[in-house]
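Asker: Protein chains in written order, with our numbering: chain A, 1 to 266; chain B, 267 to 643; chain C, 644 to 975.
For the record, the hints were derived by calculation from the structure and aren't laboratory data.
It is possible that part of the hints are untrue.
What the hints assert, rightly or not - Interface residues of chain A toward chain B, partial, derived using beta-carbon atoms under 7 Å:
1. Phe-18
2. Pro-190
3. Leu-192
4. Thr-194
5. Ile-198
6. Met-199
7. Ile-244
We treat Cβ as the ideally placed atom computed from N, Cα and C, and that holds for glycine.
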Amino acid sequence: MSLNIIVCVKQVPHPEHFSRITLDPIRQTISREGIPAVINPLDLHALEEALRIREELSGKVTAISMGPPQARCALEEALAIGADDAVLLCDKSFAGADTLATAYSLACGIKKLGRFALILCGNETIDSATGQVGPQLAEFLGIPHVTSVIQIAFEQGSSLIVRQALEEGYMKVRVKLPAMLAVAKGINQPRLPTVWAIMEAGSKEMQIWGASDIGATQDMIGLEGSPTHVTGIFERDTTRRREILEGPPRQIAKKAVNRLHELIAT
Amino acid sequence: MDFAPTREQEMLRDMVRAFAESELAPNALSFDEKGEFPFEALKKAAKLGLVGIINSKEYGGSDMGHLARMIMIEEISRVYPPLGFYFQTGQIGMYGLQNFGSEEQKKKYLPPLCQGDTVMAWALTEATGGSDASTLQTTAELVGDEYNVNGRKVFITAGETADVVGFVAKAGDGTNLLLVEKGTPGFTTPRREERLGLRSIPVSELAFTNCRIPKENLVGQEGRGVRLALAGIGAVGRPGAAAVSLGIAQGAYEVTLRFAKERNLYGKAIVQLQAVQFALVNMNVETEAARWLCYYTGWLLDQGKSPGEIGPDIARAKLYATDVANKVCLKAAEIMGGYGLSPEYQLVRRLRDALELLPAAGAQDVQRVIIGGAIAR
Amino acid sequence: MNEVWVIAEQRLGKLMSVSLELLGKGTELARQLKVGLAAVLLGDKVRALSRQLVCYGADRVYLGEDPRLRLYQSEVYADLVAKLVDTHKPGIVLIGATSIGRDLAPRIAAKLKTGLTAHCVELRIVNEDTEKPQLVQVVPGWGGSLMVNIACPVRRPQIATVSPGVMTKCDWEEREGEIITLAVDVQQELRVETLEMVHEERTGAALEEAEVVVAGGWGLLSAGGFELVEELAKVLGGAVAGTRPAVDSGWIPEHRMVGQSGKTVSPKLFISVGASGAPQFTAGFLKAKVVLAIDQNPNAPIFDVADIGLVGDLCDILPCLVTELKETGLRI
Chain A
1 MSLNIIVCVK QVPHPEHFSR ITLDPIRQTI SREGIPAVIN PLDLHALEEA LRIREELSGK
61 VTAISMGPPQ ARCALEEALA IGADDAVLLC DKSFAGADTL ATAYSLACGI KKLGRFALIL
121 CGNETIDSAT GQVGPQLAEF LGIPHVTSVI QIAFEQGSSL IVRQALEEGY MKVRVKLPAM
181 LAVAKGINQP RLPTVWAIME AGSKEMQIWG ASDIGATQDM IGLEGSPTHV TGIFERDTTR
241 RREILEGPPR QIAKKAVNRL HELIAT
Chain B
267 MDFAPTREQE MLRDMVRAFA ESELAPNALS FDEKGEFPFE ALKKAAKLGL VGIINSKEYG
327 GSDMGHLARM IMIEEISRVY PPLGFYFQTG QIGMYGLQNF GSEEQKKKYL PPLCQGDTVM
387 AWALTEATGG SDASTLQTTA ELVGDEYNVN GRKVFITAGE TADVVGFVAK AGDGTNLLLV
447 EKGTPGFTTP RREERLGLRS IPVSELAFTN CRIPKENLVG QEGRGVRLAL AGIGAVGRPG
507 AAAVSLGIAQ GAYEVTLRFA KERNLYGKAI VQLQAVQFAL VNMNVETEAA RWLCYYTGWL
567 LDQGKSPGEI GPDIARAKLY ATDVANKVCL KAAEIMGGYG LSPEYQLVRR LRDALELLPA
627 AGAQDVQRVI IGGAIAR
Chain C
644 MNEVWVIAEQ RLGKLMSVSL ELLGKGTELA RQLKVGLAAV LLGDKVRALS RQLVCYGADR
704 VYLGEDPRLR LYQSEVYADL VAKLVDTHKP GIVLIGATSI GRDLAPRIAA KLKTGLTAHC
764 VELRIVNEDT EKPQLVQVVP GWGGSLMVNI ACPVRRPQIA TVSPGVMTKC DWEEREGEII
824 TLAVDVQQEL RVETLEMVHE ERTGAALEEA EVVVAGGWGL LSAGGFELVE ELAKVLGGAV
884 AGTRPAVDSG WIPEHRMVGQ SGKTVSPKLF ISVGASGAPQ FTAGFLKAKV VLAIDQNPNA
944 PIFDVADIGL VGDLCDILPC LVTELKETGL RI
C-alpha cells in the first residue's frame with residue numbers, strides 16, 4: 001500500500017513571545033513586529049505521524065499551508081523535517097479568512113493536488129485555538145473526519161481504527177479512507193530535522209498557488225468569504241488581583257470557591 | 267557584504283536550540299554534578315548530524331561548514347557548555363583525520379565518530395609547555411613497522427574517554443602526528459585532573475610507556491606533526507573555544523535578564539533600575555560583538571582560508587568572546603546576588619565553565635601574541 | 644428573530660454539565676431577544692433527559708433517538724443537526740466546547756456555510772431592537788493576553804462554542820416544555836463510526852498540560868505532609884506539583900517541581916499551598932490564568948502574585964476548600 005498523505009501546517013507566532021503581541025489601540029490592529037514565527041506545535045505531531053506512516057507503508061507526504069509569503073519558511077521547515085514536497089496557498093485575496101474560508105481554500109488546493117488517502121493536521125493552533133479548520137476542510141472535501149486523535153492503526157482494507165481522546169478516557173473510532181484526522185499531543189514525539197535534511201530541503205519542490213491556480217471562487221475566500229468578522233480587540237488586564245481573605249476557614253473557603261467560579265469563567 | 271544567515275543556517279539554529287532545550291537543559295545541573303561524560307546527548311547530537319558537521323558526507327559527516335559549526339556550538343553552549351566544549355576538541359581530531367589522514371584512517375575512524383559511537387581527543391600539551399612545541403618530550407622511535415612511544419601528555423580534554431587520540435611526538439629531527447587507540451598496551455590515562463568547570467568533560471593525563479603503535483597510524487607527512495596539530499587547533503579548536511564562550515555569554519545574559527524581569531525590589535522589577543539595565547545593555551552589546559567576530563571566523567574558513575592566513579582573525583574571536591563570557595558571568599553574579607551563586611539558577615556553572623575557557627585552545631595571552639605579532643609587523 | 648438553540652450533549656445517558664450551563668446563558672439571550680430557547684438532544688433512550696433540559700431553561704426539546712445514536716457519531720450527528728437547523732432556522736446555536744462538541748460544531752458550521760466562534764468566554768446581544776440583532780462573541784487570543792470580539796453579521800445561525808465552566812446554569816425550575824420527537828432513520832453506511840467509549844479516570848495529569856496545578860511547599864511540613872494537596876488536586880482533576888523544598892523533602896519527584904529550575908506551567912488555575920513565594924518558585928507560574936494562594940503567614944510574598952489569597956492554618960482551610968469544591972463542582 002502506498003499512500004498520499006497531506007499534512008496541513010500553519011505558521012504561528014512563537015508562543016513564548018505571545019506577551020509581546022501588542023495592540024495598537026487606535027488602529028485596532030495587532031503588532032507582531034520582531035516576533036519569530038514557528039510551525040504550529042501540534043502540526044509537528046501531524047507531520048511526525050505522516051512520516052511514520054510513510055516509513056511503515058511507503059507513500060508520499062505533502063505539506064500544505066495557506067498564508068502570507070513568509071509562511072514559506074514553515075513549509076521549508078516541514079520539508080527539512082521530512083515532507084516530500086510542499087504547497088503554499090498565497091494570494092492577497094486569501095487575506096482575512098476565518099476558519100470557513102481557510103478550510104475552503106485549503107480544500108481547493110488539496111483537490112488540485114489530486115488523489116490522497118489521508119489528511120493530517122494539528123488538533124488546534126496555538127494562536128487562535130479554534131480547532132475548526134480540520135473538520136471544515138473535511139466537509140468541503142466530503143470526507144469523514146476525527147479530531148483529538150491520539151492513536152492510529154491501519155485495518156485490513158482501507159480503514160483505520162483511531163483513538164479519539166475525551167476529557168476522561170477515549171473513543172475507539174473506525175474511519176474509512178480517505179479521511180481527515182486532527183491529532184493531539186499524546187500521539188507521538190515529533191522529530192527534529194537533521195543537518196543532512198536541512199541541506200536537502202532546498203532542492204525539494206515547493207509550489208506556490210494563488211486563488212486562480214486552485215479555482216477558488218472569490219466570494220468564498222478571504223474576508224469576503226468569511227462569515228465571521230473581528231469587530232474589536234482589547235487588552236486583558238493581567239496584574240493579579242491580590243484579594244486576601246481572612247477569617248473563619250469555612251467562610252473564606254466558600255468565598256474563595258465563588259470567586260474562582262467567576263474568575264475562571266471570564 | 268552580506269550579514270544575513272542563509273535559510274539553512276536559520277533552520278540549523280532552530281533545530282540545535284530545540285535539541286538543547288529538550289535534551290540538555292533539563293539535565294544540565296545533574297550532568298554537571300555527576301561529572302559524567304554526556305554519551306547519550308552526544309549520540310543524539312550525532313544522529314542529527316551535529317558531530318560530523320565539518321566532515322564530508324562520504325565518511326558520515328554532514329558537511330555544513332565552519333560557520334554552521336560556530337552556530338551549532340554557540341547554541342549547544344548557550345544551554346550546556348561542556349558538550350560544546352567536547353565539539354571544540356573532538357572535532358579537531360575529526361578535522362585532522364579528514365584533511366590529513368589516509369583513506370584507510372578516514373574509513374576506519376570517521377564514520378563511528380560522526381555517529382557519536384566513539385570519542386576522539388587531540389593531545390599536544392605536555393607538562394613543560396603547550397603552545398611551544400620545541401619543548402616536546404614525548405618521543406616516537408620507529409622500530410621496524412612500529413613506533414615505540416614514550417612520554418606524557420597533560421590537560422588532555424576527553425583523554426580518558428577517547429577511543430582514539432591524535433597526539434604529537436618527537437620523531438628524529440621532526441615531529442609526527444600519530445593515532446593511538448584506547449587499550450593499546452603501554453598507553454594509559456593515569457590521572458584525571460580536578461576541574462573547576464566543564465565538569466562532565468574529563469581532562470586527563472596520558473602516559474606512554476614503550477607503547478607500540480603501528481606505522482600506519484602516522485597521520486599526514488612524516489616530520490610535520492606539530493604543524494598539523496596546530497593547524498587543527500587553529501581551524502577548529504580555537505574557533506570552537508570562541509563559540510563555546512559566545513554560547514556561555516548568551517546563556518548567562520538570558521538567565522540574568524529573566525531574573526531581572528522577575529525579581530522585584532521596592533515594588534518594581536529590578537530590570538527597571540537603570541544601574542541594572544545598563545549592566546544588561548553592556549552584556550547584550552558585548553555578546554553581540556563577540557557573535558560577529560565568531561561568525562566572521564567561520565565565514566573566512568568557509569571561504570577556504572587556511573588557519574595560517576587568518577590566525578589573527580581567529581585569535582580575535584577567541585580572545586574577545588572568552589573575555590566577554592567571563593565578564594558577563596561575573597556581572598550576572600553581581601546582579602543576581604545570592605541567587606547568582608545558587609546552583610539552581612544555572613549561572614554558577616556557566617561562570618565556572620567560562621573560567622575554563624581562559625586557557626583553552628591557547629591562553630588569552632597567546633591570542634594577544636598572535637594579534638600583536640600581526641599588528642606590530 | 645428566531646430561536647436560540649443549545650445542542651445538548653449526553654454521554655452514556657448522562658447530560659454534560661456544559662449543556663445546562665449553556666441553557667443558562669441561552670435563557671438570558673432568548674429573553675433579551677424575546678424568542679424561545681430550544682435544546683437538541685440526540686442519543687438512545689434519552690427521553691428522560693428532556694425534562695432536565697426543560698427545567699434548566701429549554702422551552703422546547705428536539706429529541707432524536709435511535710440505537711445507532713447511543714454513542715456520538717460525527718457524521719450522523721452533524722447531518723441531523725444541520726438538517727434540523729436548516730428547517731427551523733434558529734438565530735443562535737450554542738455548543739459546549741467539549742472534545743465531542745469541538746468535533747461536531749465545525750462540521751455543522753461548514754455544512755451550513757455559516758460562522759462559528761470557538762471558546763467564547765462572553766456572549767452578548769447588540770442591536771437587539773433592530774432587524775438584525777447581533778451576537779457579540781468574546782474570545783481570548785494569543786495565549787489570553789488579548790481579547791477579541793467576533794461577530795457573524797450576515798449569515799445565520801450564529802454558532803458559538805463555550806468551554807465547560809464558563810457560563811452558569813439557572814436554578815432548577817419545575818416547568819413544562821414541548822418535546823418534539825424527530826424522525827431519525829440512520830440507514831446510511833457510516834464512513835466514520837464510534838465503536839466504543841472507554842472511560843478513564845483522570846490521574847496524574849502531565850504538569851504542563853494540566854488545566855489545574857496544585858503545588859505544595861515547605862509550609863505543609865507542619866500540616867503533616869502532602870496528602871492535603873493530593874486530595875485538593877484530585878477534586879479538581881488537576882496535577883500535583885511542588886516547590887524545591889517539597890522535592891527535597893521527598894514529597895514529590897523532581898519532575899513535578901515548579902519554578903526557575905523546574906517546570907513552567909500556565910494552567911487555568913494554579914493553587915499554591917504552604918509556599919512563601921520565593922521568586923524561583925513564582926517564576927514557574929507567571930502565566931497561569933488564576934492564582935489561588937494559601938498560607939498561614941499573611942505577609943508572605945506569595946500573596947503579591949495571587950488573585951485570591953487565603954490566610955490561615957492549612958489543616959483547617961484545605962478540608963473546607965475540598966468540601967466546598969465537591970459541593971459546587973467547579974469545572975475547569
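Asker: If a hint holds in the structure, say so; if it doesn't, say that too.
Answerer: Quick rundown of the hints versus the structure:
For Phe-18/A, the shortest C-beta to C-beta distance to chain B is roughly 15 Å, which exceeds 7 Å, and the interface hint is violated. Against a cut-off of 7 Å between C-beta atoms, the interface hint on Pro-190/A is violated, since the closest Cβ of chain B lies about 10 Å away. With 7 Å as the threshold, the beta carbon of Leu-192/A comes within range of chain B, its nearest partner Cβ sitting at about 5 Å, so the hint holds. Using the Cβ-Cβ criterion of 7 Å, the hint placing Thr-194/A at the interface with chain B is satisfied: the shortest such distance is roughly 5 Å.
Taken as an interface hint, Ile-198/A checks out: its beta carbon lies about 5 Å from the nearest beta carbon of chain B, inside 7 Å. The beta carbon of Met-199/A is positioned within 7 Å of a beta carbon in chain B (closest approach about 6 Å), and the interface hint is therefore held. Hint on Ile-244/A is violated. Least Cβ distance to chain B is approximately 17 Å, over the 7 Å limit.
Consistency note: the structure conflicts with the earlier hints numbered 1, 2, 7.
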